[in-house]
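Chains as they are written, first to last, in this note's numbering: chain A, 143 to 387; chain B, 620 to 983; chain C, 10 to 510.
Fair warning: there could be bad hints in the mix.
Said to hold, decoys possible - When the alpha-carbon atoms are kept at most 20 Å apart in a straight line, the in silico SDA-like pairs for lysine to any residue are as follows:
1) K328(A) to P967(B)
2) K695(B) to I756(B)
3) K307(C) to A336(C)
4) K161(C) to G869(B)
5) K922(B) to P675(B)
6) K877(B) to L164(C)
7) K877(B) to A336(C)
8) K155(C) to D744(B)
9) K899(B) to P871(B)
10) K166(A) to N150(A)
11) K163(C) to E893(B)
12) K146(C) to A900(B)
13) K867(B) to G162(C)
Just so you know, these hints were derived from the structure itself, not from any lab.
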Amino acid sequence: MKTIDASNMHYRDLNAVVDAESLKEKNLIIKNVYGQRYIGRGLSCGIKMSVYGVAGNDMASYMNGAELEVFGNAQDALGNTMNGGKVVVHGNAGDTLGYAMRGGQIYVEGNVGYRVGIHMKEYNDMKPIIVVGGKAGDFLGEYMAGGVILVLGLNLDKDEDIIGRFCATGMHGGVIYLREKQDPYKFGKEASKVKLEDSDISFLKKQIGVYSKEFNKDLKHININSFSKYLAINKNPYANMYCVY
Amino acid sequence: MLKEGQVRIPSGCAISGIIDTKGNRFSGQEIIKSIDLMHERSNGLGGGFAAYGIYPQYKDLYALHIFYDNSEIKMKTESFLAEHFDIENAGNIPTRPVPGVVNKPLMWRYFVHPRTYMAREEFIDEDEFTARYLIRINKEYKGAYVFSSGKNMGAFKGVGYPGDIGRFFMLETYDAYMWTAHGRFPTNTPGWWGGAHPFTMLNWSVVHNGEISSYDANRRFVEMFGYKCTLQTDTEVITYLFDLLVRKHGMPIEKAIKVIVAPFWDDIERENKEIKIELKAMRTVYSSALINGPFSIILGYEKGMIALNDRIKLRSLVAARKDSKIYVASEESAIKIICNNPDKVWSPKGGEPVIALLEEGAQQ
Amino acid sequence: MSLNFDFPDFEVVRNEKNCNKCKVCVLECSNKVHFYDENKKTLNVNNSKCVNCHRCVVLCPLKALTIKKYPLEFKENSNWTSRAIKEIYKQSQRGEVLLSSMGTSNKFPVYWDKMLLNASQVTNPSIDPLREPMETKVIIGRKPEKLEFNSKGKLVTEIPPQVELNIPIMFSAMSYGSISKNAHEALARASSELGICYNTGEGGLNKDFYKYGKNTIVQVASGRFGVHKEYLNAGAAIEIKIGQGAKPGIGGHLPGRKVGKDVSSTRMIPIGSDAISPSPHHDIYSIEDLRQLIFSLKEVTEYKKPIFVKIAAVHNAPSIASGIVRAGADAIVVDGFRGGTGAAPTRVRDNVGIPIEFALAAIDQRLREEGIRNHISLLVSGTIRNSADIVKATALGADAVCIGTAALIALGCHMCQSCTTGKCNWGIATQEPDLVKRLNPDMMYKKLVNLILAWNNEIQEMLGGMGINAIDSLRGNRLMLRGIDLNEKELEILGLKYAGQ
Numbered sequence: 143m144k145t146i147d148a149s150n151m152h153y154r155d156l157n158a159v160v161d162a163e164s165l166k167e168k169n170l171i172i173k174n175v176y177g178q179r180y181i182g183r184g185l186s187c188g189i190k191m192s193v194y195g196v197a198g199n200d201m202a203s204y205m206n207g208a209e210l211e212v213f214g215n216a217q218d219a220l221g222n223t224m225n226g227g228k229v230v231v232h233g234n235a236g237d238t239l240g241y242a243m244r245g246g247q248i249y250v251e252g253n254v255g256y257r258v259g260i261h262m263k264e265y266n267d268m269k270p271i272i273v274v275g276g277k278a279g280d281f282l283g284e285y286m287a288g289g290v291i292l293v294l295g296l297n298l299d300k301d302e303d304i305i306g307r308f309c310a311t312g313m314h315g316g317v318i319y320l321r322e323k324q325d326p327y328k329f330g331k332e333a334s335k336v337k338l339e340d341s342d343i344s345f346l347k348k349q350i351g352v353y354s355k356e357f358n359k360d361l362k363h364i365n366i367n368s369f370s371k372y373l374a375i376n377k378n379p380y381a382n383m384y385c386v387y
Numbered sequence: 620m621l622k623e624g625q626v627r628i629p630s631g632c633a634i635s636g637i638i639d640t641k642g643n644r645f646s647g648q649e650i651i652k653s654i655d656l657m658h659e660r661s662n663g664l665g666g667g668f669a670a671y672g673i674y675p676q677y678k679d680l681y682a683l684h685i686f687y688d689n690s691e692i693k694m695k696t697e698s699f700l701a702e703h704f705d706i707e708n709a710g711n712i713p714t715r716p717v718p719g720v721v722n723k724p725l726m727w728r729y730f731v732h733p734r735t736y737m738a739r740e741e742f743i744d745e746d747e748f749t750a751r752y753l754i755r756i757n758k759e760y761k762g763a764y765v766f767s768s769g770k771n772m773g774a775f776k777g778v779g780y781p782g783d784i785g786r787f788f789m790l791e792t793y794d795a796y797m798w799t800a801h802g803r804f805p806t807n808t809p810g811w812w813g814g815a816h817p818f819t820m821l822n823w824s825v826v827h828n829g830e831i832s833s834y835d836a837n838r839r840f841v842e843m844f845g846y847k848c849t850l851q852t853d854t855e856v857i858t859y860l861f862d863l864l865v866r867k868h869g870m871p872i873e874k875a876i877k878v879i880v881a882p883f884w885d886d887i888e889r890e891n892k893e894i895k896i897e898l899k900a901m902r903t904v905y906s907s908a909l910i911n912g913p914f915s916i917i918l919g920y921e922k923g924m925i926a927l928n929d930r931i932k933l934r935s936l937v938a939a940r941k942d943s944k945i946y947v948a949s950e951e952s953a954i955k956i957i958c959n960n961p962d963k964v965w966s967p968k969g970g971e972p973v974i975a976l977l978e979e980g981a982q983q
Numbered sequence: 010m011s012l013n014f015d016f017p018d019f020e021v022v023r024n025e026k027n028c029n030k031c032k033v034c035v036l037e038c039s040n041k042v043h044f045y046d047e048n049k050k051t052l053n054v055n056n057s058k059c060v061n062c063h064r065c066v067v068l069c070p071l072k073a074l075t076i077k078k079y080p081l082e083f084k085e086n087s088n089w090t091s092r093a094i095k096e097i098y099k100q101s102q103r104g105e106v107l108l109s110s111m112g113t114s115n116k117f118p119v120y121w122d123k124m125l126l127n128a129s130q131v132t133n134p135s136i137d138p139l140r141e142p143m144e145t146k147v148i149i150g151r152k153p154e155k156l157e158f159n160s161k162g163k164l165v166t167e168i169p170p171q172v173e174l175n176i177p178i179m180f181s182a183m184s185y186g187s188i189s190k191n192a193h194e195a196l197a198r199a200s201s202e203l204g205i206c207y208n209t210g211e212g213g214l215n216k217d218f219y220k221y222g223k224n225t226i227v228q229v230a231s232g233r234f235g236v237h238k239e240y241l242n243a244g245a246a247i248e249i250k251i252g253q254g255a256k257p258g259i260g261g262h263l264p265g266r267k268v269g270k271d272v273s274s275t276r277m278i279p280i281g282s283d284a285i286s287p288s289p290h291h292d293i294y295s296i297e298d299l300r301q302l303i304f305s306l307k308e309v310t311e312y313k314k315p316i317f318v319k320i321a322a323v324h325n326a327p328s329i330a331s332g333i334v335r336a337g338a339d340a341i342v343v344d345g346f347r348g349g350t351g352a353a354p355t356r357v358r359d360n361v362g363i364p365i366e367f368a369l370a371a372i373d374q375r376l377r378e379e380g381i382r383n384h385i386s387l388l389v390s391g392t393i394r395n396s397a398d399i400v401k402a403t404a405l406g407a408d409a410v411c412i413g414t415a416a417l418i419a420l421g422c423h424m425c426q427s428c429t430t431g432k433c434n435w436g437i438a439t440q441e442p443d444l445v446k447r448l449n450p451d452m453m454y455k456k457l458v459n460l461i462l463a464w465n466n467e468i469q470e471m472l473g474g475m476g477i478n479a480i481d482s483l484r485g486n487r488l489m490l491r492g493i494d495l496n497e498k499e500l501e502i503l504g505l506k507y508a509g510q
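Let the hints inform the model, and build the full structure from the sequences given.
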């Protein structure tokens with residue numbers, strides 16, 4: 143276990159220290175993080191890192207198997223083009239979380255911002271998963287081409303919606319699970335609601351289990367059957383839009 | 620190389636703002652620390668601050684901050700000023716040398732009152748009179764630039780990183796109930812002090828992040844109402860839009876916001892009849908005042924600040940509250956560095972304003 | 010006068026190997042180019058009657074036909090072109106004024122093609138129109154200078170009547186008479202489905218089409234054909250036609266042979282009577298008279314209909330436009346000199362007026378200088394050929410555009426430019442029942458819908474590329490345009506920078 147104090151450090155220096163330390167020590171703690179960018183970028187399997195403070199933009203970008211745990215909120219573009227590994231955020235996260243994410247899992251205890259899971263995709267056995275405990279902003283799962291987004295909608299006020307507008311616009315792959323039924327006007331025309339299968343129920347049970355364990359929350363009251371599931375209507379939604387001239 | 624006003628220069632940026640809604644005043648130290656943290660978001664070609672409540676002893680006078688290229692233009696401008704305003708007090712704006720802040724122009728500060736009879740002759744109020752004549756200086760007096768003109772407030776800006784600019788102007792010696800700050804990342808500019816942000820007009824100040832794509836539509840619209848966009852920057856045109864809507868057209872600020880970031884037609888359709896009629900009228904009459912493209916702004920005026928971003932949230936904006944203080948910034952870390960344990964932190968939705976005004980009865 | 014110097018414009022070429030003598034060409038050609046010799050069992054052609062409308066070529070089941078330019082040339086002379094010579098042959102034959110259809114065929118610069126659009130790179134993002142909201146709705150009509158709210162924040166300003174267009178495109182004025190009832194039906198139904206408007210032209214409104222009123226602009230021209238109280242109240246707006254780009258200063262003339270029973274009742278004139286529209290409105294000899302007509306129309310429609318005024322783009326269009334705003338109109342429609350027509354004197358069509366691009370830029374700028382641009386809507390027409398033209402027109406300052414020729418082409422027009430003959434083989438510019446029924450409105454309205462939706466998609470793509478998600482933000486946004494192959498003066502009039510600046 144090695145502790146790094148990030149106070150007043152530029153991200154470049156901080157990440158260089160992390161690179162050097164991770165050769166010797168697989169368990170790292172970074173304290174006093176205030177918006178330093180690219181923490182955990184490209185980090186490989188076997189490394190575990192705990193981050194205290196406000197994680198800066200592009201955390202876990204290109205991450206390749208490491209495990210990050212953030213105690214605090216994460217800013218924008220967490221998990222940008224992430225290839226594998228796991229991120230757990232004990233707090234909220236910002237916009238474009240999981241942009242073009244290809245593998246791994248991101249668990250956020252609270253809310254996430256706009257365009258979360260934008261263009262996440264799957265490839266062979268790589269299947270990324272994003273689990274959000276609270277609510278998500280507009281354009282959730284925009285261009286989504288693969289993987290899974292699950293929004294639990296926990297602890298919301300009466301006037302708070304679990305998702306914003308333009309959810310799943312351009313979706314052409316992957317699955318979105320949302321707790322409770324949602325107003326159809328909030329969705330793009332490329333996605334449609336489908337029935338939950340048994341396999342969905344077991345997947346949801348498993349993920350809710352992971353969430354409650356990570357964040358130490360009792361979620362027995364959640365009715366699994368109340369989730370709604372959204373799939374892309376078509377893998378090629380724009381096939382009829384263009385003609386050759 | 621052409622400077623602002625001769626060419627349109629897009630720029631990216633960092634913004635930060637703090638208000639004590641009870642009107643308690645505090646020094647510029649916190650805001651400097653906050654904007655300093657977002658060093659990555661500026662490139663040293665511009666930084667600036669707006670501070671409200673700093674001149675209580677002159678609170679009924681317009682505080683003019685003016686850059687001059689040389690003393691010749693200063694004399695010319697001052698005689699023009701003296702013709703139209705009573706100058707109660709004038710002097711240098713105090714600064715201290717700071718590495719990285721060089722090539723400073725002459726910087727003068729005047730506390731003035733418009734010649735009331737002249738305003739009366741033109742059937743306009745003092746604000747309009749002051750605005751008109753200051754716009755004339757910026758347009759016609761080459762080498763002079765009025766960069767601040769409100770009451771009991773002031774802008775401080777220049778070429779450099781924002782933290783350095785703050786230390787250069789010794790902002791720790793001023794007490795304000797509200798501060799906003801800007802770190803600039805212009806894409807090409809020789810670095811002209813007047814081109815730094817905030818942009819101000821009377822009591823309005825705007826700091827802004829992002830490049831708006833509606834610029835020329837907005838510019839040509841406000842110029843129909845007597846404004847002249849001499850700087851060709853987004854911040855300038857945004858300031859004029861608010862001035863037009865709120866001051867000249869007397870529109871409530873919440874309505875003006877709904878003009879600037881108009882709801883989508885689809886969303887208007889889902890409203891009840893009365894609201895629908897109103898929103899439709901606003902979108903129709905002020906369609907050219909819609910600001911399009913990515914932006915987050917902090918608008919300051921005597922009543923407080925309003926932070927706002929575009930309809931589809933293409934720029935980040937975070938807000939927090941701690942007791943009577945409200946914070947907004949491009950990044951959450953820029954708030955946490957000065958307020959580690961806020962009561963609430965939230966990310967406003969696209970087009971959803973953070974309205975942080977002084978409480979009723981708070982001292983300005 | 011027996012000897013006619015003229016010779017055919019086109020030659021019909023039949024590939025005898027492919028032809029199975031089915032005689033579709035004979036049946037389909039209203040000009041009687043094709044004829045069958047019963048004795049010799051051969052199909053023959055009379056080239057001099059061919060207008061090159063492609064009807065026979067398109068419908069020939071075995072594709073055995075082509076039409077070529079008639080292979081006869083004069084000795085080369087750059088001044089005395091074939092066209093110049095043939096026009097003299099024609100006019101010296103019977104002493105007639107030359108008449109042409111559709112827009113000018115002369116080679117004038119098309120300024121749309123000399124403007125280039127911007128797109129976002131890095132400093133602001135382009136917006137993806139397929140996945141993000143992209144608004145192209147516009148509201149046409151008069152706007153108050155400002156909105157006022159009472160102390161409770163409630164809107165107190167009254168909004169004048171306006172027309173909503175889901176897409177910033179309208180179909181230009183084309184009268185019933187100049188085009189067929191089926192063509193009108195296709196335009197009306199497409200407008201209704203698209204949430205846009207078509208325009209009756211000066212031919213009145215057929216009873217069968219009152220149901221499309223919400224999507225109809227009813228026109229009042231100098232002949233006042235079919236104009237009565239019910240008609241004026243039937244549409245979404247009223248357009249006063251002062252002029253038309255193809256023939257500024259010239260009236261209209263529908264020959265009596267086109268005035269059958271139905272046209273007669275729609276125009277409210279006797280069957281077989283010529284329908285002559287005078288050059289000017291004889292109640293408008295000055296700008297204050299225009300105000301009188303505008304307000305007479307407002308009175309009779311109880312101020313519920315916006316009044317548009319359509320003018321041809323002429324030299325002093327900017328000051329005329331300013332006058333129109335001050336006369337109380339709700340929108341101005343400006344038709345450029347390359348615009349189409351059913352019939353116009355050739356010399357007028359080819360020599361009078363100015364390009365729509367210049368007229369638009371100059372009017373928009375002038376109205377802004379006067380601070381009144383926002384009071385009215387500005388619509389333009391006259392060779393809007395595709396969606397890029399619309400985007401450029403919007404950036405120059407237009408609220409919306411009107412398309413005539415493009416709409417007719419979608420309905421099957423092959424631009425033979427022979428509308429005046431009334432023998433349109435495509436059932437568009439004709440009143441002959443056998444020809445009219447060739448245009449099936451059930452099928453053809455869909456083509457118009459397709460065209461406009463495709464253009465709207467393209468407009469959205471270009472807007473998105475510029476980082477704009479509402480067309481309002483493009484209107485008058487000239488920084489989104491750059492000029493190419495233009496001189497300083499042209500750039501100045503258009504208010505543009507040069508590419509690279």
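Distance restraint between K307(C) and A336(C), which requires alpha-carbon spacing of 20 Å or less: holds (12 Å)
With the threshold set at 20 Å, check whether the alpha-carbon distance from K877(B) to A336(C) stays at or below it. violated (32 Å)
Taking only the CA atoms, is the gap from K899(B) to P871(B) under or equal to 20 Å? Roughly 17 Å between the alpha carbons, so the hint for K899(B) and P871(B) holds.
Does A900(B) lie within 20 Å of K146(C) when you go C-alpha to C-alpha? This hinted pair holds, its Cα atoms lying about 14 Å apart.
Given the hint that K163(C) pairs with E893(B), test it: the Cα-Cα distance must not exceed 20 Å. holds (9 Å)
Do the alpha carbons of K155(C) and D744(B) lie within 20 Å of each other, as the hint requires? holds (19 Å)
Mind checking the alpha carbons of K695(B) and I756(B) for me, to see if they're no more than 20 Å apart? holds (10 Å)
Taking only the CA atoms, is the gap from K922(B) to P675(B) under or equal to 20 Å? Roughly 15 Å separates the two Cα atoms, so the pair holds.
Would you check the hint for K328(A) and P967(B), treating anything up to 20 Å between C-alpha atoms as holding? Cα-Cα ~18 Å, so holds.
Sort out whether N150(A) lies within 20 Å of K166(A), counting only the CA atoms. Status violated; Cα separation ~24 Å.
When you check the alpha-carbon spacing of K161(C) and G869(B), does it fall within 20 Å? Judged against 20 Å, a Cα distance of about 13 Å means the pair holds.
Satisfaction of hint between G162(C) and K867(B), Cα-Cα up to 20 Å: holds (16 Å)
Of the numbered hints given earlier, the model fails hints 7 and 10; all others are met.
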